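> Top line first, the protein sequences correspond to chains H and Z. First residue of the first sequence: 41, per the working numbering; consecutive thereafter. First residue of the second sequence: 41, per the working numbering; consecutive thereafter.
Derived from the structure by calculation, the hints contain no laboratory data. Note that the structure is a prediction, hence the values are computed from the model and not measured.
Each pair may be met inside one copy or between any two copies, as identical chains are not told apart.
Heads up, simulated EDC-like pairs for lysine to aspartate or glutamate below, C-alpha to C-alpha not over 16 Å straight-line: (1) 127 - 98; (2) 283 - 233; (3) 127 - 99; (4) 356 - 326; (5) 283 - 234; (6) 131 - 99.
There are 2 protein chains.
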Amino acid sequence: MNIIIKKFGGTSVSSISKIERAISYIKKARKSGYSVVVVVSAMGQETDRLLKLTTGLDEYKKTDDISSLLAAGEQISSSLFSILLNKNNIKGKSFQGWQLPIHTELSYHNSHILKIETKNIKNSLKNNEVPVISGFQGINQLNRITTLGRGGSDTTAVALAASLAAKRCDIYTDVAGVFSADPRIVKEAKKIDEINYEEMLELSSLGARVLHTRSVQLALKYNVKLQVLSSFTGKKGTMLTKKNVYLEKQIIRGIAHSNNETLFTLIDVKNQPGISATIFNALSKENINVDMIVQSGSAKDANVTYAFTISKTDAKKAEAIMNKLKSKVRFNDMFINNNICKVSIVGLGMKTNAGVANTMFTELAKNNINMHVISTSEIKISVLIDEKYKELAIRSLHSIFKLNARKK
Amino acid sequence: MNIIIKKFGGTSVSSISKIERAISYIKKARKSGYSVVVVVSAMGQETDRLLKLTTGLDEYKKTDDISSLLAAGEQISSSLFSILLNKNNIKGKSFQGWQLPIHTELSYHNSHILKIETKNIKNSLKNNEVPVISGFQGINQLNRITTLGRGGSDTTAVALAASLAAKRCDIYTDVAGVFSADPRIVKEAKKIDEINYEEMLELSSLGARVLHTRSVQLALKYNVKLQVLSSFTGKKGTMLTKKNVYLEKQIIRGIAHSNNETLFTLIDVKNQPGISATIFNALSKENINVDMIVQSGSAKDANVTYAFTISKTDAKKAEAIMNKLKSKVRFNDMFINNNICKVSIVGLGMKTNAGVANTMFTELAKNNINMHVISTSEIKISVLIDEKYKELAIRSLHSIFKLNARKK
Numbered sequence: 041m042n043i044i045i046k047k048f049g050g051t052s053v054s055s056i057s058k059i060e061r062a063i064s065y066i067k068k069a070r071k072s073g074y075s076v077v078v079v080v081s082a083m084g085q086e087t088d089r090l091l092k093l094t095t096g097l098d099e100y101k102k103t104d105d106i107s108s109l110l111a112a113g114e115q116i117s118s119s120l121f122s123i124l125l126n127k128n129n130i131k132g133k134s135f136q137g138w139q140l141p142i143h144t145e146l147s148y149h150n151s152h153i154l155k156i157e158t159k160n161i162k163n164s165l166k167n168n169e170v171p172v173i174s175g176f177q178g179i180n181q182l183n184r185i186t187t188l189g190r191g192g193s194d195t196t197a198v199a200l201a202a203s204l205a206a207k208r209c210d211i212y213t214d215v216a217g218v219f220s221a222d223p224r225i226v227k228e229a230k231k232i233d234e235i236n237y238e239e240m241l242e243l244s245s246l247g248a249r250v251l252h253t254r255s256v257q258l259a260l261k262y263n264v265k266l267q268v269l270s271s272f273t274g275k276k277g278t279m280l281t282k283k284n285v286y287l288e289k290q291i292i293r294g295i296a297h298s299n300n301e302t303l304f305t306l307i308d309v310k311n312q313p314g315i316s317a318t319i320f321n322a323l324s325k326e327n328i329n330v331d332m333i334v335q336s337g338s339a340k341d342a343n344v345t346y347a348f349t350i351s352k353t354d355a356k357k358a359e360a361i362m363n364k365l366k367s368k369v370r371f372n373d374m375f376i377n378n379n380i381c382k383v384s385i386v387g388l389g390m391k392t393n394a395g396v397a398n399t400m401f402t403e404l405a406k407n408n409i410n411m412h413v414i415s416t417s418e419i420k421i422s423v424l425i426d427e428k429y430k431e432l433a434i435r436s437l438h439s440i441f442k443l444n445a446r447k448k
Numbered sequence: 041m042n043i044i045i046k047k048f049g050g051t052s053v054s055s056i057s058k059i060e061r062a063i064s065y066i067k068k069a070r071k072s073g074y075s076v077v078v079v080v081s082a083m084g085q086e087t088d089r090l091l092k093l094t095t096g097l098d099e100y101k102k103t104d105d106i107s108s109l110l111a112a113g114e115q116i117s118s119s120l121f122s123i124l125l126n127k128n129n130i131k132g133k134s135f136q137g138w139q140l141p142i143h144t145e146l147s148y149h150n151s152h153i154l155k156i157e158t159k160n161i162k163n164s165l166k167n168n169e170v171p172v173i174s175g176f177q178g179i180n181q182l183n184r185i186t187t188l189g190r191g192g193s194d195t196t197a198v199a200l201a202a203s204l205a206a207k208r209c210d211i212y213t214d215v216a217g218v219f220s221a222d223p224r225i226v227k228e229a230k231k232i233d234e235i236n237y238e239e240m241l242e243l244s245s246l247g248a249r250v251l252h253t254r255s256v257q258l259a260l261k262y263n264v265k266l267q268v269l270s271s272f273t274g275k276k277g278t279m280l281t282k283k284n285v286y287l288e289k290q291i292i293r294g295i296a297h298s299n300n301e302t303l304f305t306l307i308d309v310k311n312q313p314g315i316s317a318t319i320f321n322a323l324s325k326e327n328i329n330v331d332m333i334v335q336s337g338s339a340k341d342a343n344v345t346y347a348f349t350i351s352k353t354d355a356k357k358a359e360a361i362m363n364k365l366k367s368k369v370r371f372n373d374m375f376i377n378n379n380i381c382k383v384s385i386v387g388l389g390m391k392t393n394a395g396v397a398n399t400m401f402t403e404l405a406k407n408n409i410n411m412h413v414i415s416t417s418e419i420k421i422s423v424l425i426d427e428k429y430k431e432l433a434i435r436s437l438h439s440i441f442k443l444n445a446r447k448k
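Produce the complete structure using the sequences and hints provided.
This is how it looks when you write it as structure tokens:
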């Protein structure tokens, strides 16, 4: 059976007419001989509407209740999608996470998929139906609804593609594909036709909002052929590949940015063994992930400055934790900066091209943009800058790395 | 364990503040030593909002998809209710129909509950939690979501009360209890403190919208102590009882009415054996229930007039069916009347008081109200009249049967 997975995001199923357009792509694929399995997100602003019901209740939110509240959003869209398939003379069948089931870890948020039972889907396909799976949700061993985190429907789609050995997984979204930078900031940004998994992984984890990071990891791990494309046009989008597709001249594949960080700076921290562990253990206990970390002042026994970034949504919680730790960690002062932005350049070409960092830092310096923190990996460099320089930094880097002039 | 079931309808959970008020009743019951199990409907207009998503898709609605679409409404309210219990320092735990599970028949609409597994609820109560069950929904043997029909949450509540051997089942609604007639029509209508199950059964099946008919049947069958009360005041409402609570003078307990009927009249039907069966089989095949039936013209071999009423929502479907049957049934003409109303008087007192029908018909005649169809049982008389006489008929019957003067 030639199975293809088609995942439609919130904007792609936000109305009857948009669902009908999605169905036109399904018809086309079926005419080409594919068996289609659909994955849907909640309709348009539904998840936000449901979250809004709990406004002011943050501290009382029991994690499993929030998950079952939010999962209702996908239940609505998958049911409606199936009804509309029927209208189009295609037998649809909706499946919620618990109906397959999609087994996940115990945790209720950002839960990971452990296993997908495919029997029901295969039976449905044998009956010439189009199974419509609610994305974003699963159940844990306690038979409670879990959710995979924002954007988790991408991960559902890729996990299904892996479990069903699908020929391809198409992620329909509201953009034409993956771009060299956010087109709203850089008007010369170009759609990338083919991108390496690792590059995509870096781009999406660094803030490019096209694909859920975990879905790319999963696609890489299970060798899923993944395509991102526009649900408005249905035209060829960006195909993920294992090949190294960069051209000689093109060292950098794309630029990502993220506004979601808060920078904590601890001043005059007494430098004693175990302090880092104390800080980061306390944060991780509350499920707060630290992203970038820097420690300055290297003389032994002298006081040092600690700086680290965490997600903006965790800032309040982290502040309380740090205040509690003050007597133990012994720092003189703490600054919390929300007006920062992380800008990253990503490209496999870095591996074999020296001087990329130098080019980046020089370009930023030329524009008088100060860097608070720098972090690097083999194929990316991220810098933390003041948010007000965001556009300037992205545009000038896009230009200096010749992304504007990139051939299609 | 002293278990009490508290069911809150849509208007009782339509906002955070209303849910908080519902929780105040739960607190009170827990203080009195009860273990509370909650059943909720979807919030306010949620079910209508969800149905509206399928506007214009009636003929394409696959029954199982609609059920899973609508069931999302209760999933939202039960999850939110549990979050708010937590805010009130009560451990809540939401359960969807499939999580208990609540087993139903195969059919997706108006499905009947076969069995409720109570293990999860009992465990939850042992943990000092308040389980919050989504009403209206269950699963069938195919592991698909089913729904119990509009108002089905009442039935969920009573079925739970029976399964858990609860001390009482409180149905919170937006009225103070069961009234002798609709208070919006008869301002002298009185709240009934105690009502016999059979009387309640007739009243609710005849259009009194306070309780789902099937919930009353179930309460009677399993001897569930059932109370209807206002979620706005929490004051004592109407208690259902097995006793015959009518007073000597008070033959009639209450007056019900319904606007949901359509009257079909077939003119000059060739009177041959099996014709009734043909008509009603054809309708029942499409799940159309016939309510009142009358056949006039009794001479053998002569043509007769057939009249029957069905639910207004089925009128279009029934019209098509009747037109298809025309050659087989051989009638000359068909009239379809939507401007009718069924008015019924109900009371155990009828059994032992002759002349009730006579009083009713005389009173209607006095007001020049013509009756199209009459149907009777041991404890009720229903008449079909033109809709324009509805208020006049109800008020004059309420008065002639001395319901206005009824002592509390």
